[in-house]
Amino acid sequence: MVRRRPTSLFRPLGGVDQRVLKRQSQLVTQLNRRGVLRGAVSLGALTMLTGCDISDDEQVRGALEAVSALNNKVQAALFDPNKLAPTYAVDQVLKPPRYNAYYPVDKVRPIDLTTWQLAVTGLVQDQRPWRPADFATMPQREDIIRHVCVEGWDYIGQWSGVPLRAFLEKVGADLTARYVGFKCFDGYTSSIDMAAALHPQTLLATHYAGEPLGDPFGAPVRLRTAIKLGYKNPKWITEILVSNTWRNGYWEDRGYNWFGGI
Amino acid sequence: MRLANRDGTKRLHPWPVRVMHWVNAIAVIMMVGSGWRIYDNDPIFTQINFPVPVTLGGLPSLAYHLHGDGGFSNALLWHFTFMWLLVLNGVGYVAYGLITGRFRRMWWPIRPREVVAAVIDALHLKLDHEDVTTYNAVQKAMYVGVLTALIVIVAAGAAIWKPVQLHWLVALFGGFQGARLVHFLAMVAIVAFMTIHVILALLVPRTIKAMVFGGPRVPASQPTAHLMAGE
Numbered sequence: 001m002v003r004r005r006p007t008s009l010f011r012p013l014g015g016v017d018q019r020v021l022k023r024q025s026q027l028v029t030q031l032n033r034r035g036v037l038r039g040a041v042s043l044g045a046l047t048m049l050t051g052c053d054i055s056d057d058e059q060v061r062g063a064l065e066a067v068s069a070l071n072n073k074v075q076a077a078l079f080d081p082n083k084l085a086p087t088y089a090v091d092q093v094l095k096p097p098r099y100n101a102y103y104p105v106d107k108v109r110p111i112d113l114t115t116w117q118l119a120v121t122g123l124v125q126d127q128r129p130w131r132p133a134d135f136a137t138m139p140q141r142e143d144i145i146r147h148v149c150v151e152g153w154d155y156i157g158q159w160s161g162v163p164l165r166a167f168l169e170k171v172g173a174d175l176t177a178r179y180v181g182f183k184c185f186d187g188y189t190s191s192i193d194m195a196a197a198l199h200p201q202t203l204l205a206t207h208y209a210g211e212p213l214g215d216p217f218g219a220p221v222r223l224r225t226a227i228k229l230g231y232k233n234p235k236w237i238t239e240i241l242v243s244n245t246w247r248n249g250y251w252e253d254r255g256y257n258w259f260g261g262i
Numbered sequence: 263m264r265l266a267n268r269d270g271t272k273r274l275h276p277w278p279v280r281v282m283h284w285v286n287a288i289a290v291i292m293m294v295g296s297g298w299r300i301y302d303n304d305p306i307f308t309q310i311n312f313p314v315p316v317t318l319g320g321l322p323s324l325a326y327h328l329h330g331d332g333g334f335s336n337a338l339l340w341h342f343t344f345m346w347l348l349v350l351n352g353v354g355y356v357a358y359g360l361i362t363g364r365f366r367r368m369w370w371p372i373r374p375r376e377v378v379a380a381v382i383d384a385l386h387l388k389l390d391h392e393d394v395t396t397y398n399a400v401q402k403a404m405y406v407g408v409l410t411a412l413i414v415i416v417a418a419g420a421a422i423w424k425p426v427q428l429h430w431l432v433a434l435f436g437g438f439q440g441a442r443l444v445h446f447l448a449m450v451a452i453v454a455f456m457t458i459h460v461i462l463a464l465l466v467p468r469t470i471k472a473m474v475f476g477g478p479r480v481p482a483s484q485p486t487a488h489l490m491a492g493e
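Going line by line, the protein sequences match chains X and B. Residue 1 is where the first sequence starts when you use my numbering, and the numbers rise one by one after that. Residue 263 is where the second sequence starts when you use my numbering, and the numbers rise one by one after that.
Read the hints as simulated data drawn from the structure, not as lab findings.
Once the Cα atoms are required to be at most 25 Å apart in a straight line, the calculated BS3-like pairs of lysine-lysine come out as:
no.	chain 1	residue 1	chain 2	residue 2
1	B	Lys388	B	Lys402
2	B	Lys424	X	Lys73
3	B	Lys388	B	Lys471
4	X	Lys83	B	Lys424
5	X	Lys73	X	Lys83
6	X	Lys107	X	Lys95
Which chain B residues face chain X? A few, computed with CB under 10 Å, are given here:
no.	residue
7	Ile300
8	Trp340
9	Trp346
10	Gln439
Virtual Cβ for every residue (Gly too), placed ideally from N, Cα, C.
For reference, chain X alone in the conformation it holds in the complex (with noise of 0.2 Å):
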């Protein structure tokens, strides 16, 4: 039961999405018959042997991605769209940000400014492209946070840029759609649900401390928001696609859950 409130600014008016559950049905039927008993088995074989891991079995790895599933439900009843991350004092940014992405930071690949474009696409009005300078000419916001990535480490940092609701309003996006997808420009994708997305600490960043991004931290664009893990936080961003139909993304599709709240 995770029909939220209706109270909040931030809240979707549609609700919380059922179809990631009803996608990963048949993974849940799975874990009800066969799973449970083999990973029963499975797991007393395990904690005889050590070094016999069954993380690969391919049973095993299907009952634990649909709990990965339920965990995606628990994630969004626990989320408070209307609590704000806790934020910090300008001497506690760490500089230059710390570079992350599936690659090392001489693969980066810079982007040329003249001639990259953002696409828009799916429930939007506005399908026009945006160039870097258009950024420029919305409402900003700064946000000195948190970034906190699944292995364990953390910093903080200061992002500015447009609130991603802004952007979302001005090009006229279906704000009761579930979610909001990203593609990147080094072929990373990913995708957040809606009350993510409409969250007032999550933005378009195009700024870190007061700097234009560098090109190994995602610029001329990239999505930073307080709420999520660092992996939910696409780089270089060259297509935002607002839509009612689930997709996973980089991480997420090795395993990563999908919702990645914190």
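Given chain X, put chain B in place with the hints provided.
Below, chain B alone, put in the same frame as chain X:
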């Protein structure tokens, strides 16, 4: 649920205790194994790493071949699955211990002087194990200690999982990395407990048998008898 017999006795370890004990053992082993693999991705102490074979998350090369990630996601999936088993089972266990009076009866009181005396006895290999129905002061302190460590590790884990939604809890642990450190140190305490616990249990196998089959019958003392009889 009748745990007491008509003659006013019950097993030393009633069946709920036994079930929850072994479920807890499985949950802790799975959480520690997967936690070690997660830890290795970003060690708190650079000189402390857990070799892959003692961690839970699969063979890195196979995992990478199957889903493009060297087992880290496997470890995360294990950790965020078995946390439910650990927490739900733990809540049941604590509720049972409090409601039936088992905690008070078995673990209380712990007198520091007795703990010291028992430690000295233990060092002289003089601890008496003839009677498995009562715990000496060291045992009491150990059981209370490991339960405390489990509660702390769950609280620190919640702070790490939801540092924004539960930021007051993060503050309690002195920040995000503070919560990670407490989570780690509580793991060390639990693993240390388990090591001693298993060694001593193997030295006195009757204790293992008791935790499987229930052990000797003991008087169903107050207030257990009242509660169990449903009064």
